[in-house]
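J.: Line by line, the protein sequences give chains A and B. For the first sequence, the numbering used here assigns the number 340 to the last residue and increments by one with no breaks. For the second sequence, the numbering used here assigns the number 407 to the last residue and increments by one with no breaks.
By construction, these hints were calculated from the structure, which means they are not laboratory data. Do not take every clue at face value.
[What the hints assert, rightly or not] Cross-link-like lysine-lysine pairs, in silico, DSBU-like; alpha carbons within 30 Å at most: (1) B/321 - A/96; (2) B/170 - B/243; (3) A/195 - A/172; (4) B/42 - A/243; (5) A/260 - A/129; (6) B/42 - A/260; (7) A/260 - A/73; (8) A/73 - A/248; (9) A/76 - A/96; (10) A/96 - A/245; (11) B/243 - B/321; (12) A/73 - B/243; (13) A/108 - A/248; (14) B/42 - A/92.
Every value quoted in this text rests on a predicted model; they were computed, and no experiment measured them.
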Amino acid sequence: MTMDPHNKEDQASDQGCQGSCGCGSGDGKVSRRSFLRVGAAALGGMAALTAALSPLRELDPDDLPSVEEFIQKHYKEMSGEQMQAALGRIEKDVQKRFGVTPEVADIKPLDGVEFVYALNLSRCIGCRKCVHACVAENNQSRSPEVQYIRVLEMPRGTTDLEQGDHHYDRPKVPSDHHYYMPVQCHQCASPPCVKVCPIEATWQESDGITVVDYDWCIGCRYCEAACPYWARRFNFAEPQIPKDKLNKKMSYLSNRPRHKGVIEKCHYCLQRTRQGQMPACLEVCPVGARKFGNVLDADSDVTQILKHKRVFVLKEDVGTLPRFFYYFDERYPRSQGGEA
Amino acid sequence: MSEYLRFLWRCGRISFVGDWRYYLWMTFLTVIALLGLNAYCKQFVEGLIVTGMTDQVSWGLYIANFTFLVGMAAAAVMLVIPVYVYRNHDLHNLVIFGELLAVASIIMCLMFVTVDLGRPDRFMHLFLRFNFPMSMLSWDGIVLNGYLLLNLHICGYLIYCAYRRRQPGKMFYIPVVFIAIFWAISIHTVTAFLYVGLGGRPFWNAAIIAPRFLASAFAAGPAFLILTLQIINKTTSYDVSKKGIMLLRSIVTVALIINQFLLLSEVFTEFYTGSAHAASAYYLFFGLHGYTGLVGWIWTAITLNTIAMILLMLPASRSMKFLNVACVFMIVGIWIEKGMGLIVPAFIPTPLGEILEYVPTINETLVCLGIWAFGLLLFTIMVRITIPVLAGRLTYDTEYHFESVVE
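All chains, full assembly: derive it from the sequences and hints.
T.: Laid out in structure tokens, this is it:
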């Protein structure tokens with residue numbers, strides 16, 4: 001590329017004083033007048049910048065990451081000692097935020113276990129008890145409220161989700177003309193959310209549960225866009241949980257309190273299920289619509305259900321291989337009589 | 001080295017020098033940029049709750065503007081190809097402005113992505129555990145930053161050579177120019193794949209998105225340059241040939257026609273089949289179950305683009321007045337179409353069929369305006385420096401009267 005000087009006059013530089021009138025133009029020389037002008041402009045600029053930055057005064061120093069958190073390694077790279085230090089830091093953080101001393105552990109997956117959920121659509125009455133039990137167990141923010149389970153009220157005769165009502169509000173459930181379909185994370189065997197995360201802040205564990213390292217997530221929400229089941233939730237504001245509502249039994253990858261700006265999701269209550277308990281949503285279900293267990297164990301409920309019931313998965317066509325199955329009983333026990 | 005530092009120092013000084021229009025423009029941009037910074041500080045303290053985004057519509061104006069600007073960045077390649085591949089002389093001394101626009105656009109892109117992050121303080125996690133090649137977002141990080149570096153090198157090298165009155169060594173920039181051509185295509189393709197790759201979002205999960213992306217980018221970017229070049233022509237002594245602008249007009253015309261054709265193909269596929277997958281498209285074009293938030297926007301965009309296309313095809317647009325109208329219309333039209341029209345409807349309805357509309361907040365809008373103002377500020381400064389250097393008035397062996405204009 002050649003740079004030919006152009007013919008038009010440079011009006012700008014010709015109008016000047018050529019540096020000979022003592023006004024201080026030209027390289028290097030600075031007059032008092034120009035000094036004052038530049039000084040005033042610089043001062044004004046600094047003042048405007050300070051004003052622009054002023055909201056930062058509201059920043060709670062506790063909201064900023066501590067040095068330990070800042071240099072903390074990715075979950076998979078931490079040594080045992082480093083994990084212990086991280087758990088200690090989290091305990092202190094919870095103590096400071098909520099005034100409650102928790103027990104935070106790092107509960108690992110068990111060998112020979114692959115968790116699967118099965119939900120009986122013939123039984124579910126849409127009472128949403130699972131939704132609230134989940135919030136209580138997993139220390140979700142109460143304000144703004146974060147819920148992992150969404151229950152859809154579906155008209156009979158369709159599985160088209162767009163016809164479902166997310167915000168049904170009846171004095172009494174179930175309605176005779178609907179069935180109810182709770183949706184939560186399907187713990188896919190081929191999870192698109194894991195694939196898209198640019199920094200491996202979310203991954204699938206050996207027992208099939210997809211987890212999030214809340215200390216690693218940068219909050220880009222690409223996983224939230226990728227999930228076909230709308231199972232992920234983002235902390236748009238700093239989560240608020242009343243002190244007495246906090247569940248003190250916590251695990252690193254599951255229900256420890258989150259900070260603002262990170263993603264969270266259902267993790268099959270791994271702090272319970274990896275220690276032999278059932279998920280909170282299952283325990284609270286009044287009609288026994290929820291079944292959970294190890295699909296590698298031939299005698300487990302879920303294995304029997306997968307073998308003998310009319311089972312289907314949601315959106316099979318997106319190819320994510322969910323570990324969350326829906327099924328119907330052979331007949332509708334409540335549809336004919338109308339009682340629950 | 002000391003000569004280079006002096007060059008930088010003089011570049012810094014000249015960016016503060018200009019006539020009253022320049023000062024007015026720069027002050028205006030600075031004020032808007034500071035308002036944006038103020039709004040972002042609020043967001044940093046409160047969290048993304050100060051935006052209109054929700055779990056239902058989890059990406060909004062930020063990602064919409066990001067998407068549009070990736071397109072603008074590619075404008076350069078539409079000048080680079082005629083100049084370096086077909087040896088066109090009319091665009092020869094204009095191509096650098098395309099490259100400068102690319103630099104400013106990419107910087108704006110990176111800023112839009114950063115303000116969208118919930119935890120920008122963890123930015124360095126990108127360097128510590130990078131999900132490459134699985135995540136399209138990691139690809140996007142590479143191609144965007146790579147494109148920025150390539151263009152910085154090309155512009156910086158050529159401008160510095162002109163400053164030193166040296167003939168640029170072809171070895172040092174021609175190969176980079178050719179890499180940048182392919183790279184420009186890649187920033188679009190990868191950004192389109194970011195959305196296209198999501199099987200759970202049928203609105204995006206269509207092969208036509210990437211080609212449409214390229215077509216609209218090749219229309220909006222050069223259109224912006226047509227406007228910029230005329231401003232340069234009016235306010236500086238730099239020689240902008242009319243033939244160059246007319247060549248850009250042809251490029252823009254073809255790109256816009258292709259874009260409109262691809263839009264038609266998309267609309268036909270969505271609506272003629274009438275599949276359930278078209279819910280987002282129904283929401284965008286006609287509204288869904290009484291929710292019509294984007295209908296006015298998209299029809300405005302289609303109208304603007306169609307008027308622009310007709311204007312461009314008529315001989316009337318050989319006159320700058322009509323050409324400028326067409327350019328403004330298509331920039332606005334494509335901004336709506338690629339921003340609001342491409343990002344937001346993919347979230348409505350949600351994968352579970354819920355409809356929650358997205359309305360950006362004032363705070364979020366201010367952040368966007370601030371980034372735009374900052375980008376234009378950068379672009380203006382870069383142009384401000386480039387013109388006297390290329391014209392041979394600001395070189396290492398000339399005295400430049402920095403204060404002469406304002407005295």
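J.: With reference to the structure, classify each hint as holding or not holding.
T.: Do the hints match the structure? See the list:
no., hint, verdict
1, B/321 - A/96, "violated (65 Å)"
2, B/170 - B/243, "holds (26 Å)"
3, A/195 - A/172, "violated (42 Å)"
4, B/42 - A/243, "holds (27 Å)"
5, A/260 - A/129, "holds (26 Å)"
6, B/42 - A/260, "holds (14 Å)"
7, A/260 - A/73, "holds (20 Å)"
8, A/73 - A/248, "holds (25 Å)"
9, A/76 - A/96, "holds (27 Å)"
10, A/96 - A/245, "holds (16 Å)"
11, B/243 - B/321, "holds (16 Å)"
12, A/73 - B/243, "violated (58 Å)"
13, A/108 - A/248, "holds (18 Å)"
14, B/42 - A/92, "holds (27 Å)"
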